[in-house]
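Sequence lines, in order, name chains F and Y. So the first sequence is numbered by the numbering used here: it starts at -12 and just counts up by one. So the second sequence is numbered by the numbering used here: it starts at 27 and just counts up by one.
To be clear, the hints were calculated from the coordinates, so they are not data collected in a lab. We put the CB at the ideal spot given by N, CA and C, even for glycine. Heads up, a few of these hints could be off.
Said to hold, decoys possible - Partner residues are not named here, just some residues of chain F that face chain Y (Cβ under 8 Å, in silico):
(1) Q33
(2) G132
(3) F136
(4) Y259
As the list claims (entries may be wrong) - Below, a list of computed lysine-lysine pairs in the DSSO-like style, where the Cα atoms sit at most 27 Å apart:
(5) Y:K445 to F:K63
(6) F:K25 to Y:K329
(7) Y:K219 to Y:K304
(8) F:K41 to Y:K329
(9) F:K63 to Y:K280
(10) Y:K257 to F:K41
(11) F:K5 to Y:K467
(12) Y:K280 to Y:K164
(13) F:K4 to Y:K28
(14) Y:K107 to Y:K73
(15) F:K141 to Y:K282
(16) Y:K374 to Y:K342
(17) Y:K252 to Y:K467
(18) Y:K222 to Y:K304
(19) F:K25 to Y:K461
(20) Y:K163 to Y:K70
(21) F:K142 to Y:K107
(22) F:K126 to Y:K374
(23) F:K25 to Y:K280
(24) Y:K304 to F:K126
(25) F:K7 to Y:K31
(26) Y:K252 to F:K4
(27) Y:K461 to F:K63
(28) Y:K400 to F:K7
(29) Y:K164 to Y:K404
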Amino acid sequence: MEKSAGKSAKFRLMGKKKRKDLLFAVILLLPTFYILFKTFLFPIYQSLVWSMYKYHMLDGSDVVFVGFSNFTALFKNHDFWTATYFTGYFTVISTVAELVLGLFSALLLNQMFRGRVFFRMIIIIPWAMLTLVNGLLWKWIFQPGNGSFTIILKKIHVLSASENPLWLADAHNIINSVVVADVWKMTPFMTLLLLAGLQAIPSTLYEAAMMDGAGFWKKLWYVTIPQLFPILMIAVVLRTIAAFRVYDILTVFTGDPTTSISYLTFNKAFRYFYLGEASAMAWVSTAIILVFIVLYIRMLKKNSHEV
Amino acid sequence: MKKGKVLFLLILIFSLLVGCNAAPPTSGKKNEAKSEKLSWNNKKDLKGEEITLLWVNTDGANGPRGKILKEFTKDTGIKVKELAVDYNSLYNKITTAVLSNSADIDLAEMDTIWAGQFMEGGIAYDLADTVPKEVQKKYTQSSLSSVMYKDQLAAVPFFSSTKHFYWNKELLAKAGYNSPPKTWDEFREMSKKLTKNGVYGSAWSWKQAEGLNCDFVSLVYGFGGKFFDEKGAPVFNKGGGLKALQYMVDLTQKDKTVDPASLQWSEDDVKNAFSTGKIAMMTNWEGMYPDLNDPSKSKVVDKTDVGLMPGNGDVKSAAVTGSEGISLMKDSKHKQAALEFLKWMSTKKFQLPLFKNDGMYPTTEGLYDDPDLKAADKTKTVDKVMKQFEYGQNRPNAPGYVEWADILSAEIHEALLGKKSAKVALDTAAKKIKKAIEESK
Chain F
-12 MEKSAGKSAK FRLMGKKKRK DLLFAVILLL PTFYILFKTF LFPIYQSLVW SMYKYHMLDG
48 SDVVFVGFSN FTALFKNHDF WTATYFTGYF TVISTVAELV LGLFSALLLN QMFRGRVFFR
108 MIIIIPWAML TLVNGLLWKW IFQPGNGSFT IILKKIHVLS ASENPLWLAD AHNIINSVVV
168 ADVWKMTPFM TLLLLAGLQA IPSTLYEAAM MDGAGFWKKL WYVTIPQLFP ILMIAVVLRT
228 IAAFRVYDIL TVFTGDPTTS ISYLTFNKAF RYFYLGEASA MAWVSTAIIL VFIVLYIRML
288 KKNSHEV
Chain Y
27 MKKGKVLFLL ILIFSLLVGC NAAPPTSGKK NEAKSEKLSW NNKKDLKGEE ITLLWVNTDG
87 ANGPRGKILK EFTKDTGIKV KELAVDYNSL YNKITTAVLS NSADIDLAEM DTIWAGQFME
147 GGIAYDLADT VPKEVQKKYT QSSLSSVMYK DQLAAVPFFS STKHFYWNKE LLAKAGYNSP
207 PKTWDEFREM SKKLTKNGVY GSAWSWKQAE GLNCDFVSLV YGFGGKFFDE KGAPVFNKGG
267 GLKALQYMVD LTQKDKTVDP ASLQWSEDDV KNAFSTGKIA MMTNWEGMYP DLNDPSKSKV
327 VDKTDVGLMP GNGDVKSAAV TGSEGISLMK DSKHKQAALE FLKWMSTKKF QLPLFKNDGM
387 YPTTEGLYDD PDLKAADKTK TVDKVMKQFE YGQNRPNAPG YVEWADILSA EIHEALLGKK
447 SAKVALDTAA KKIKKAIEES K
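Required output: the full structure, derived from the provided sequences and hints.
Right under this line is the structure:
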């Protein structure tokens, strides 16, 4: 009570000009708020409401309120768990691989050598490519028989001459193939982020470490990684979220929707138009991502306090 | 103070959200728009109107499909804005436009299996009363039946299509055959002899997608089985259906006469493989022919032929249909002008050039005896392709089919990979589809 009285008093005391400015600011904000509300907030809310309905948009059946049964059905759904497993597998393996490769290529590009600018430039190419184009490219590489992936593996004797695996037929193989294609495309992203972080590390720290007799690995472990940690965390968070939503490259590789949650959700929503179930699925996968993000942010906060 | 502001904002947003009605429309169907009178034989002047057409065109504005649109504008004065996509993006493009209540699209290409969703979901305008009965009779039976859903007309037939049997004459001759197989048993025996020196007896579009279902349907009927019964229940797990999948599994797992890459190929990949001369036989749609005889794209120029799909026992031949139509969107603001296009599409001015340059087969009965068409048929394939149309088998076009098809292709693919037996795979698919039918009631 007291607070609001104080507030209105303050508002009155603001003076005409200030009040006008505030009003003007609110008016300027309104269109943005309206657009955000209509295109962002409302759909999120709407999908929450829809997740409690049986809403089959295109088969002419009745819309029925079903409470939480879309969610309970989802947890019993075998396809959903398969998709969750594959999505998790893809996210972990690809993020770790990109992180390790990205770190080493960033370290490499941080060295002084001839042609450094050239290499820094060309490394962006895979990342700049459209995901679908990347998918088509790798689809050709992954052709059995005469595809270059098979031929190269045979040349370096990973595969024997009689072997001819189908890279894009079985779900496990598909996921591994997608990991390879994704690592190729997204490692540059990691590299760029980490390179920026590396350049912010003062060289005096390395000099001091060298005085103490630290070699390459020790410098990496005791100087680079701790200094780079906040950036590493951000890179990992960004990649995890993006990797968890993997979808477009899979549509090029396979028609099997159980290879990713997004693929499954998309099929439910925009192929069968079971909008209630699709909304429920979207909310569950969002919740999973949120858990990850909260964990990361906590780690990041803890770390920044320590430093 | 700060917390109070945040709380205030949250309450404001929340009350705004609750204030808006977010629940889905309860009637199930969209509110019927007042339908204006449309007339097939329009007298009104429509010059200068612009319609938007969404269809498959991967050859650009100067390809055969792009050119025909210019012809239409020249002829009628109606401008056409073309939204060109590839087949796999078509369905998503249409459905996202529908979800956003967009009236931007006037006409959209429709695959036969979408008819149920188009009508039940209120996407397409029912043309049954607009296209006069005597005009409807002029279309070939197969092309008309593929755009009908119950007694509604979901689209005007765009082209006629089934799968066909293609073979490489040279490879067959080398193995001592001068004619293609008449039955699937013969096919199997021939495949065994043909598979050697890097050549495979056959290649198929058995990627986990609709192409896989299409070949399965051809084989189900080829082995005397049935896909769905009259009541719309799945029966492909019995008799001919089971034999068909067992046959597919035997070809891939036991005989190994199928190019193993088939399990990750779609129709275009099969066509490309066939045109390198390493595949002896394939099944595929029409439209192979300008390309297979084009030296810049093919190594098998004049070495191939097309004919009836093999049968078995009493069945002479059977092939899945893949005819398509063009639908008039229910929300279109230019219905009359769009209808004009559909009418023009059914004439020789449209059908003949697309047959010539795009390998697309006409939808009107009369055109097949047309001397101009016969003259345009340089590879002499019209009669062979036409004959297959008599043995066409439709897939169901109920609204749930898109989901059932995904269930089925997943199970068949498992069986082909050797993870499940043919019987278990088909029984599981039938069970899941029955459940899906039950749930959508």
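Okay, the hints, checked on the actual structure:
At a threshold of 8 Å, the smallest CB-CB gap from Q33 of chain F to chain Y is about 4 Å, leaving the interface hint in force. Because the smallest distance between the Cβ of G132 of chain F and any Cβ of chain Y comes to about 6 Å, under 8 Å, the interface hint for this residue holds. A distance limit of 8 Å between C-beta atoms decides the matter here; for F136 of chain F the minimum to chain Y is near 13 Å, and the interface restraint is violated. This hint holds: Y259 of chain F has a C-beta 4 Å from the nearest C-beta of chain Y, less than the 8 Å allowed.
With a CA separation close to 23 Å, the supplied pair K445 of chain Y and K63 of chain F stays within the 27 Å bound. Taking the CA atoms of K25 of chain F and K329 of chain Y, the gap is about 60 Å. The hint is violated against a cut of 27 Å. A threshold of 27 Å between alpha carbons decides the hint, and for K219 of chain Y with K304 of chain Y the separation of about 14 Å falls inside it, so the pair holds. Distance hint between K41 of chain F and K329 of chain Y is unfulfilled; the C-alpha atoms sit about 55 Å from each other, more than 27 Å.
Taking the CA atoms of K63 of chain F and K280 of chain Y, the gap is near 36 Å; set against the 27 Å cutoff, the hint is violated. Straight-line distance between C-alpha atoms of K257 of chain Y and K41 of chain F comes to about 24 Å, which keeps the hinted pair within the 27 Å bound. This hinted pair does not check out: K5 of chain F and K467 of chain Y have alpha carbons roughly 62 Å apart, beyond 27 Å. Of the supplied pair hints, the one linking K280 of chain Y and K164 of chain Y is violated, its CA atoms being roughly 47 Å apart against a limit of 27 Å.
For the proposed pair K4 of chain F and K28 of chain Y, the alpha carbon gap of about 24 Å is at most 27 Å, so the pair holds. Restraint check for K107 of chain Y and K73 of chain Y: satisfied, since their Cα atoms lie roughly 14 Å apart, inside the 27 Å limit. Straight-line distance between C-alpha atoms of K141 of chain F and K282 of chain Y comes to about 21 Å, which keeps the hinted pair within the 27 Å bound. For the proposed pair K374 of chain Y and K342 of chain Y, the alpha carbon gap of about 32 Å is over 27 Å, so the pair is violated.
About 23 Å separates the Cα atoms of K252 of chain Y and K467 of chain Y, which keeps this hinted pair within 27 Å; it holds. With a C-alpha separation of about 10 Å, the suggested pairing of K222 of chain Y with K304 of chain Y holds against the 27 Å cut-off. Taking the CA atoms of K25 of chain F and K461 of chain Y, the gap is near 37 Å; set against the 27 Å cutoff, the hint is violated. A threshold of 27 Å between alpha carbons decides the hint, and for K163 of chain Y with K70 of chain Y the separation of about 25 Å falls inside it, so the pair holds.
A distance of roughly 51 Å separates the Cα atoms of K142 of chain F and K107 of chain Y; the hinted pair therefore is violated under the 27 Å criterion. Of the supplied pair hints, the one linking K126 of chain F and K374 of chain Y is violated, its CA atoms being roughly 40 Å apart against a limit of 27 Å. Taking the CA atoms of K25 of chain F and K280 of chain Y, the gap is about 58 Å. The hint is violated against a cut of 27 Å. At most 27 Å may separate the alpha-carbon atoms for a hinted pair to count; K304 of chain Y and K126 of chain F meet this at roughly 20 Å.
In summary, the hint linking K7 of chain F to K31 of chain Y is supported, as the alpha carbons are separated by about 20 Å, within the 27 Å threshold. Annotation: proposed proximity of K252 of chain Y to K4 of chain F is violated, straight-line Cα distance about 81 Å (limit 27 Å). Simply put, K461 of chain Y and K63 of chain F have alpha-carbon atoms about 15 Å apart, close enough for the 27 Å limit, and the pair holds. In summary, the hint linking K400 of chain Y to K7 of chain F is not supported, as the alpha carbons are separated by about 80 Å, beyond the 27 Å threshold.
Among the hinted pairs, K164 of chain Y with K404 of chain Y is consistent with the structure: their alpha-carbon atoms are about 26 Å apart, no more than 27 Å.
Violated hints for the displayed structure, listed by number in ascending order: 3, 6, 8, 9, 11, 12, 16, 19, 21, 22, 23, 26 and 28.
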